[in-house]
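**Student:** Sequences are here, hints too, so could you generate the full structure?
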Amino acid sequence: VAEAARPHPPLRRAILADTRFVSKNRRRPLDDASDRRVALEALRLAWRSDSFHGQILYRLRARLLRARVPVLPRILHWLTMASAQICIGEPVRIRPGVHLAHGQIVIDGMVEIETGTTIFPFVTIGLRSGELAGPRIGRNVTIGSGARVLGNIEVGERARIGANSVVLGDVPAGATVVGVPARVVAAEDAITD
Amino acid sequence: MSEPKRNDRAVTRREAKAGALGRHPSFVEAVVADTKFVAPRWGRPLGENPSLLRVLAESLRLAWESDAYLAQIAYRLRGALLRRRVPVLPKLLHRFSIIWIGMSISDTVLIRPGVSIPHGMVTIGGLVTIGAGALISPSVSIGLTSAGGYEGPKIGPGVQIGTGTRILGPLTIGANARIGANSVVLGDIPAGATAVGAPARVVGEREAAERG
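Protein sequences appear in the order of chains Z and U. Under this note's numbering, the residues of the first sequence are numbered 13 to 205, in order. Under this note's numbering, the residues of the second sequence are numbered -7 to 204, in order.
Calculated directly from the structure, the hints in this document are not laboratory data. A few of these clues could be false.
Unchecked claim - Residues of chain Z clear of chain U, computed beta-carbon distances all greater than 10 Å:
| # | residue |
| --- | --- |
| 1 | R32 |
| 2 | E169 |
| 3 | R195 |
Stated by the list, open to error - So the derived list for chain Z, only partly shown, Cβ under 8 Å to chain U, looks like this:
| # | residue |
| --- | --- |
| 4 | H89 |
| 5 | Q97 |
| 6 | F134 |
| 7 | R160 |
Backbone N, C-alpha and C define an ideal beta-carbon position, used for all residues, glycine too.
**Tutor:** Rendered as structure tokens:
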């Protein structure tokens, strides 16, 4: 399995950024809150939301992988699967500040996911057969439930991918795509929020 | 693609089970073939004639590295126990697979030795056969329609099933066919074809030589 160039993010930064972003998505923004307050919120969320619990376990696993700690990452992976069926491969790089809503997702291969991305359940992000490089997903992308994002492609920032879409080609920044295979149905101008 | 065949008298679950259980492959045969098929996908091909010891060592390594592979071994053990009509244990192994990786495969599903289920999270039910060399991606369902009784899909060797696909009813998928992600297959797919969409349509065909 090929190693991606960038290291996994530091644990503290990843968890704080994830908590701020997830809280914002859950309509409890922590804009001016201190790190201490955000850390307490992380504990509360880990209790309330099994996918956030899984996400924290994933961050811990990623940090241990970076430190080349043996055995423990594998056990954390099992726990991640058990808490929310979140299956994320070792070559995947997820920047701090993402939201895995509800879990039930598979991400594997050399995939990069930037800050501000929201991934809904039943999503697969991965490879097309015989390839090693997967999608690069830009900042603030939303990936709808059941969508499949596959192959060596680029999803531009702020793009929105509709439920059950199959994305096999590049998505321009700010576009909304839907369907099998996914096509652009709205360019950036159409987005009002 | 033709309409699925409807039997005059649909197969019941009990009949399906009576016919299917004895046809599960033996444990060693299945694990050896699965390991030989999966190891190259992890970049560790086993070569022409690996020793049994080498294959078993590789299968242990895969079981540690891939939770889906461990569940696949549990499924193979379950198949071998079902074949010998051992009670209770197969049910426990089934529970393990579901808890471990969300992989639910019914007793009547026959999977030939030498397949890959890379991330689990699949549901396969009914009287289903799956050929050697098949690739079953995550979030796939293979099963029944309300019209077809207990008879499910017959999937040929070397078929690649894309993530999120549903394959339902008494239909046949020919050797080396490829089914695109999120497709819904409700009718036969010829050998070597590529099918996509809901309902799935054939969009391409591979060269005859590749079809095998």
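**Student:** Run every hint past the structure and note whether it holds.
**Tutor:** Hints versus structure:
{"no.": "1", "hint": "R32", "result": "30 Å, holds"}
{"no.": "2", "hint": "E169", "result": "24 Å, holds"}
{"no.": "3", "hint": "R195", "result": "13 Å, holds"}
{"no.": "4", "hint": "H89", "result": "7 Å, holds"}
{"no.": "5", "hint": "Q97", "result": "6 Å, holds"}
{"no.": "6", "hint": "F134", "result": "6 Å, holds"}
{"no.": "7", "hint": "R160", "result": "4 Å, holds"}
Hint compliance for this structure: no hint is broken.
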